[in-house]
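*Asks:* Heads up: the sequence lines are chains A and B, in that order.
Quick note on numbering: the first sequence equals residues 1 to 256 in our numbering.
Quick note on numbering: the second sequence equals residues 1 to 571 in our numbering.
Worth flagging that the hints you see were computed from the coordinates, not collected in a lab.
Listed next, the stretches of chain B that the computed footprint assigns to chain A, with coverage defined by at least 3 CB atoms under 8 Å from CB atoms of chain A:
no.	region
1	44–55
2	76–82
3	393–405
4	480–494
Beta carbons: idealized from backbone N, C-alpha and C, even for Gly.
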Amino acid sequence: MADETKQHEKENPESSSRRKFIKNSGFVLGGLAVGGILGNLLPAKDQDSNDPPPQEENETAESFTMALMYFTPEQYKIVEAATERIFPADDNGPGAKDLGVAFFIDHQLNGSWGLNAREYMQAPFFKGENVQGYQGRLNRREIFDIGLREMQNYSMTKYNKGFVELSEEDQDTILKDFEEDNVKLTTISASGFFKLLRGSTLEGAYCDPLYSGNRNMAGWKMRKYPGSQMAYTEIIEKGFEEIPPQSLRSHLGSHS
Amino acid sequence: MAKKLPKVDVVVVGVGWAGGIIASELTKKGLNVVGLEKGKERKTEDYFMVHDELRYALRYEMMQDLSKETITFRSNEKIRALPMRQYGSFLLGEGLGGSGVHWNGQTYRFLPYDFEIRTKTIERYGKNKIPAEMTLQDWGITYEEMEPYFDKFEKMAGISGEENPLAGKRSDQYPTPPMKKSPQLNMFEEAAKKLNYHPYILPSANLSETYTNPDGISRAACQYCGFCERFGCEYGAKADPVVTVIPVAKKTGKFEIRTHSYVRRVLKSGNKATGVLYTDLTTGEEIEQPADIVVLTSYVFNNVRLLLTSQIGRPYNPQTGTGVIGKNYAYQVMKGNATGFFEKEEFNNFAGAGALGMTIDDFNGDNFDHSDLKFIHGGSISITQTGHRPIQNNKVPEGTPTWGKEFKANSVKYANRTLSVGGQGSSMPFKHHYLDLDPTYKDAFGDPLMRITFDFEEQDRQLAVFLANKCSEIVKEMGADHVDSLKELGPYEITTYQSTHNTGGVIMGGDPDTSAVNNYLQMWDFENLFVVGAVNFPHNSGYNPTGTVGALAYRAADGIISYSQKGGILA
Ligand SMILES: Cc1cc2nc3c(=O)[nH]c(=O)nc-3n(C[C@H](O)[C@H](O)[C@H](O)COP(=O)(O)OP(=O)(O)OC[C@H]3O[C@@H](n4cnc5c(N)ncnc54)[C@H](O)[C@@H]3O)c2cc1C
Ligand code: SF4
Chain A
1 MADETKQHEK ENPESSSRRK FIKNSGFVLG GLAVGGILGN LLPAKDQDSN DPPPQEENET
61 AESFTMALMY FTPEQYKIVE AATERIFPAD DNGPGAKDLG VAFFIDHQLN GSWGLNAREY
121 MQAPFFKGEN VQGYQGRLNR REIFDIGLRE MQNYSMTKYN KGFVELSEED QDTILKDFEE
181 DNVKLTTISA SGFFKLLRGS TLEGAYCDPL YSGNRNMAGW KMRKYPGSQM AYTEIIEKGF
241 EEIPPQSLRS HLGSHS
Chain B
1 MAKKLPKVDV VVVGVGWAGG IIASELTKKG LNVVGLEKGK ERKTEDYFMV HDELRYALRY
61 EMMQDLSKET ITFRSNEKIR ALPMRQYGSF LLGEGLGGSG VHWNGQTYRF LPYDFEIRTK
121 TIERYGKNKI PAEMTLQDWG ITYEEMEPYF DKFEKMAGIS GEENPLAGKR SDQYPTPPMK
181 KSPQLNMFEE AAKKLNYHPY ILPSANLSET YTNPDGISRA ACQYCGFCER FGCEYGAKAD
241 PVVTVIPVAK KTGKFEIRTH SYVRRVLKSG NKATGVLYTD LTTGEEIEQP ADIVVLTSYV
301 FNNVRLLLTS QIGRPYNPQT GTGVIGKNYA YQVMKGNATG FFEKEEFNNF AGAGALGMTI
361 DDFNGDNFDH SDLKFIHGGS ISITQTGHRP IQNNKVPEGT PTWGKEFKAN SVKYANRTLS
421 VGGQGSSMPF KHHYLDLDPT YKDAFGDPLM RITFDFEEQD RQLAVFLANK CSEIVKEMGA
481 DHVDSLKELG PYEITTYQST HNTGGVIMGG DPDTSAVNNY LQMWDFENLF VVGAVNFPHN
541 SGYNPTGTVG ALAYRAADGI ISYSQKGGIL A
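Using the sequences and the hints, build the whole thing.
*Replies:* Laid out in structure tokens, this is it:
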């Protein structure tokens, strides 16, 4: 398996960096002066020494992004446990916890997404029809604050224990009750919160590791997704091929 | 008081495909053009970090900021329209090049039937085939008249394709050969042929090979990178106004682009436009740009909105069916599709291009008999391979829970084992589907938002299931072990992405009573004002719109040039 991977890298320049891709690949234009990016793809000088270290070597390095920007430690733990139920570790590979999903959500809430900064948040607010989409006045930070608190309250009422302390089955029951609106909340919709949690779990499992999720590209590896490659011209006409994944970081070296 | 600038020949509002094409054609002929674009400047070098699904596909990096401006929506007149607070059903482009930067590049020509749809439907099936509420109209132009403009657009963009046996006659071949065929496309082709359909490779603006267009612009070939729609092309391979028509216009020295310029009103005196009023978003300054000719190319919603807020043209009245501005809003019926699950085979679904696909038109337009069907028109049916990015592609067989152990196992298992075939259904106009100004909700300047009143009709429900069944039949023939397909369309909802193929509102036609613009896209009652885009479509066909939008933009450019010479209503 490992050998196959190496072999592949040799044969397929598109799985190495942008600069190498331009240097090695058949991406030639027959002497045509093509505008835009192509001139810029070729660095002014050879920058081998500036290339970031290969990603594999970095897997064990300390990750300074595993800290919190928004959640309290308690909120973080609930999110970690809940997202692991949504996307659990199994024979295929790691679950949400080991992929860093809770850190991903924490970091996202700290930015424009958490504040719904690029969404229409003007009054008046009316309860709409389902077909009209989200009509609440709360932003995602507020929804997470309320949703997590209510999960904790519901767990205490139902089982006399905090969500994190529950068995996996009981955690699933709580999540299911949220998903199916069996929990009646006043300020937010329980199912709306669950949807948000599920959606951001998948985002955290499969985003570029740049965002602190999909740790070590393990989410991608699990489904044989090659991440960010320069080109697929060599394989587009062929049957399935597994290509070792590459993240956006590999693209930085060639034009920094 | 607004600052008043010196007068120019032409001011173009919005610089996407329509605005860019018009600017390039007019400046080549020596006219001085100012292009006002509310978004930012764009260039290919911006896309070094573009293979980022979260940023571009889920956080809508390239789309209009909805906090400043959105639309409102209601299914019918009985309910209160509410704002589209987050993106869903369609995406609004913004910035130089507009949506032309982050489109797929699937570039079709509408069918001869489309342009004369009312006449041809009545000819074949009689008047009663058209429901009373369906405001079906001919376009005031024929396919034969459109053909040279289709050809021009395709040569400018370098469309890669092959002859479609069921489409209108072509004066010339596609300028570049078809895209490469993946095994998935071959499977579709074989299955379609076995079923006696007529498959052809999807006409693509992604460029199958290096190409130099008639304007002397050279572009590289597509690399099938799998990050195309919603993303900009880092190779300049995808035809986009920024790498095609805009540099041509700039080179003449007669095109001045002002980005961050938000046009708020068309100014007028009597029955003539005198210029536009805009806000420089970087300084907040209000600026008046006088011009001999004003061209609106600001996409469907702002084209209609600017006319209504500027009190130009006759607003549509859905009660009486009179008036034209806002009339015949239509969309697309996208949900009639089928997904096949393949147990024995994996595919390179991660690879692809925005317009890599195969299509059949056997159930599009009037290519089949509708005598016993409860709908008119139809849709194209395609397999497309645009790159299954992992956050947004987690297909699991029906009955799988949406989360937890089984969901994870199935979504991982089938990640490279599903193939979908989809119908792109046409959308007919109805008396009660229209655009007007929202009475409550405002944009960042305090101007009313555009309000959409729209829902799916019996026509759409019938069509969607019909297309889904055809898709399902093809996927089975392709060898799928299990097929899931649409059973029922349901109401139109604004929350899930369907397509950015909004049409109508300033429709073209041969009669000033029932249309807003003539077949040069010149306003009947404001002769120096041209409005161009899918906004001109009296109905929407079973294809993506931009091939036809591009052709109309070339047609409008011809009209504007002759108007600048002789004036008057063009005929
Ligand atoms: C993800 C996606 C995929 C698509 N794929 C396809 C496809 O494969 N095939 C196809 O045929 N079509 C496709 N489309 C649709 C296609 O992109 C559009 O039909 C086309 O780009 C429209 O061009 P336009 O010039 O009419 O409008 P736009 O490209 O929307 O340009 C309008 C411009 O006007 C500007 N503007 C608006 N209001 C103002 C104002 N008040 N003042 C100043 N500027 C203003 C906007 O910022 C924008 O830049 C796709 C769309 C999307 C979003
Ligand atoms: S798929 Fe082709 S056209 Fe689309 S962005 Fe990638 S290289 Fe460009």
